Each structure stands twice: as structure tokens, then as C-alpha cells.
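Put chain U on the given structure of chain P with help from the hints.
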Amino acid sequence: EVQLVESGGSLVQPGGSLKLSCVASGFTFSNYWMDWVRQTPGKSLEWIGEINTDGSKTNYAPSIKDRFTISRDNAKSTLYLQMSNVKSDDTAIYYCTRIPDYWGQGVMVTVSS
Amino acid sequence: DVVLTQTPPTLSATIGQSVSISCRSSQSLLHSNGNTYLHWLLQRPGQSPQLLIYLVSRLESGVPNRFSGSGSGTDFTLKISGVEAEDLGVYYCVQGTHAPWTFGGGTKLELK
Chain P
298 EVQLVESGGS LVQPGGSLKL SCVASGFTFS NYWMDWVRQT PGKSLEWIGE
348 INTDGSKTNY APSIKDRFTI SRDNAKSTLY LQMSNVKSDD TAIYYCTRIP
398 DYWGQGVMVT VSS
Chain U
903 DVVLTQTPPT LSATIGQSVS ISCRSSQSLL HSNGNTYLHW LLQRPGQSPQ
953 LLIYLVSRLE SGVPNRFSGS GSGTDFTLKI SGVEAEDLGV YYCVQGTHAP
1003 WTFGGGTKLE LK
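As you go down the protein sequences, you meet chains P and U in turn.
As numbered in our numbering, residues 298 to 410 make up the first sequence, in order.
As numbered in our numbering, residues 903 to 1014 make up the second sequence, in order.
Extracted from the complex, chain U is given alone in its bound form:
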């Protein structure tokens, strides 16, 4: 199975600070059809996961544009340009290129 390694495991930020989360895959996530099925989820405290970014860099409807995703192959990054209080929670990368679906270990974003 594909292993997704997220760093850092915990991120402390102040409101307004820009932060980045890395997701590294054990193998390339480029599918033979040309798509890269790497997505980012946010799980706020006490809630279920919600989709933020799909196919590496596409912003899900309703998600603020301070969130952005980038990367290719095995290395991916989620950036938040100006953290807001509602952004606190655990971020997960998830891949669907290679069955089965696998998730990163999560990055907890907390207030400094």
C-alpha cells in the first residue's frame, strides 16, 4: 500500500501567519490517465473530515482561497496564507491513485 508521510505532525501558528504542510508519498501518485489523485481534508474538533483540495490543487467549492495545494509525483504541499481561527484542526492528505485509499498521519494545526 502507498504510505503517505505528513510533516510536521503538529503546527503552532498565530492568526494571520502563513503555514505549509508537507505530504510525501512512497510512490508516484501520477495515474496512468494523467490525473494525480491526491487530496487534502480538514477535520475540525468533534467533526467529520471535509474536503479542502482535490486533485492536488483544485479548491473545493466554498473553501476559502487562502488554502492552496501544489506538488507532483511524490511530494505535495498544502499552504494556508493567513491562518484564521476556524482553520484549527487536523489536516490529512489522502490518495486514491493506487488502491486501496490511504491517508497521511495527520497534521494538527493549533494556535500558538
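Okay, chain P solo, but in the shape it has when bound:
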């Protein structure tokens, strides 16, 4: 059974940093591009970035580019999202996903002073 389990969500102050993790199981993690998608409360879904299979290539949405960094550790089957200089607009549920077929349960990130 494929599982994606995120962790690391919390309350963070504007301008602060946070790192989310996503542990994958049930499939060969190193064979797949992986993505992060976020959902603001009551709103639709927003793709924020992706990483290729060996971690050498990433793509980001303009809204988070130069502030967020996606990385992966294939030996640990783990995907990461390093968030820096966070803003109130970054308040959302963050999903790790092997888009479109598998999604994690999501973690809440709240940016507030």
C-alpha cells in the first residue's frame, strides 16, 4: 500500500523558517518525480513545486520561488520542503503528492505573529 506521511507543520512567525518532511512507502520512491501542493482554508489547490527523481532538478511556482526549497533523500524515501521568509499568505495545508495518484494526509502551516 502506498503511503505518504507528512510531518513538521506548525505555527511560525512571519519571516521565519520551517521544514516539512514526507516519508514515502509502498513504492520505489527514487523512480518518481514528487510534488508539493498546498490548500488555503476553504480554497482550491495550488501546485507549489516539484523535484525530479535524483533531486538534480526542481521547479517552483512564482509565489514561493526563492523562498522555498524542495529536496529529497532517496535512501530514506523522504521528500522535504524547506520554507524560509514565510508570509501570512503561506498559511495553508501542505500536501506531499505523487501527483495525481497519491497524496499525503497534509500538514497545517500557520504563519502568524
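There may be inaccurate statements among the hints.
[As the list claims (entries may be wrong)] Only pairs whose alpha carbons sit at most 30 angstroms apart, straight line, appear in this in silico BS3-like list of lysine-lysine: (1) P/K340 - P/K362; (2) P/K384 - P/K316; (3) P/K362 - P/K384; (4) U/K1014 - P/K340; (5) P/K354 - P/K340; (6) P/K340 - U/K1010; (7) P/K340 - U/K981; (8) P/K354 - P/K316; (9) P/K354 - P/K373; (10) U/K1010 - P/K384.
It is worth saying that the hints were derived from the structure and are not from the lab.
These numbers were taken from a predicted model, which means no experiment stands behind them.
What follows is chain U alone, placed relative to chain P:
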């Protein structure tokens, strides 16, 4: 970026009723490789999205066959033939033909 417009934004249905959701794209989703990367997701209340239909019309494993997808180019439809209580939630179309991935605004299916 590709804009996906879903209609209606809200759908009220009775159990057993058949309903359809439309997803219209701002540009053709036919990829140069011949595939059309338009998929449908369901997000039940308090849950993460789950895949229902991929590549326009292919039913994901374990999804009841009352769900069906159709369409081509820029116009796509998700149909539920006989709504059941477990179908309530928000439906999203999502495209992967043109980077970046984009999502429709969602259609909330509720009980009448």
C-alpha cells in the same frame, strides 16, 4: 498557465440522482505524445484529495464504476450515475499537459 474553469461551483443532488461536472480549459490539453493529462480528484470533508479518473476517462483502481469521465481538447465532463452518500465532497479537475500543474476551482457536491 492553463486555467481550468469548473461548473457549477456547487451541486445539490439527491441520493440516486445522476449529475455532471464540467471542466473547461483555457487551451487544449492534448499533449504532443497523444495523451491528454486531465484527471479528476475527490476531496471528502476533512480528507486529502484522492484520484478518481485519470487521462480523461480511465477509472482509478477501486473507484466505483458509477463515475465516468469524458471529453477532449478543452472540454471535459465528470459524470456520477447515481449519487451515493459517500460521494459528497469537492471535486477538482487537474491538468498536467502543460507545466505547471493547475487545478480547477472545485465543485462542491452536497445533498439536497
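Taking the numbered hints from earlier one at a time, note which ones the structure violates and give those numbers from smallest to largest.
-> When the structure is compared with the hints, none of them turns out to be violated.
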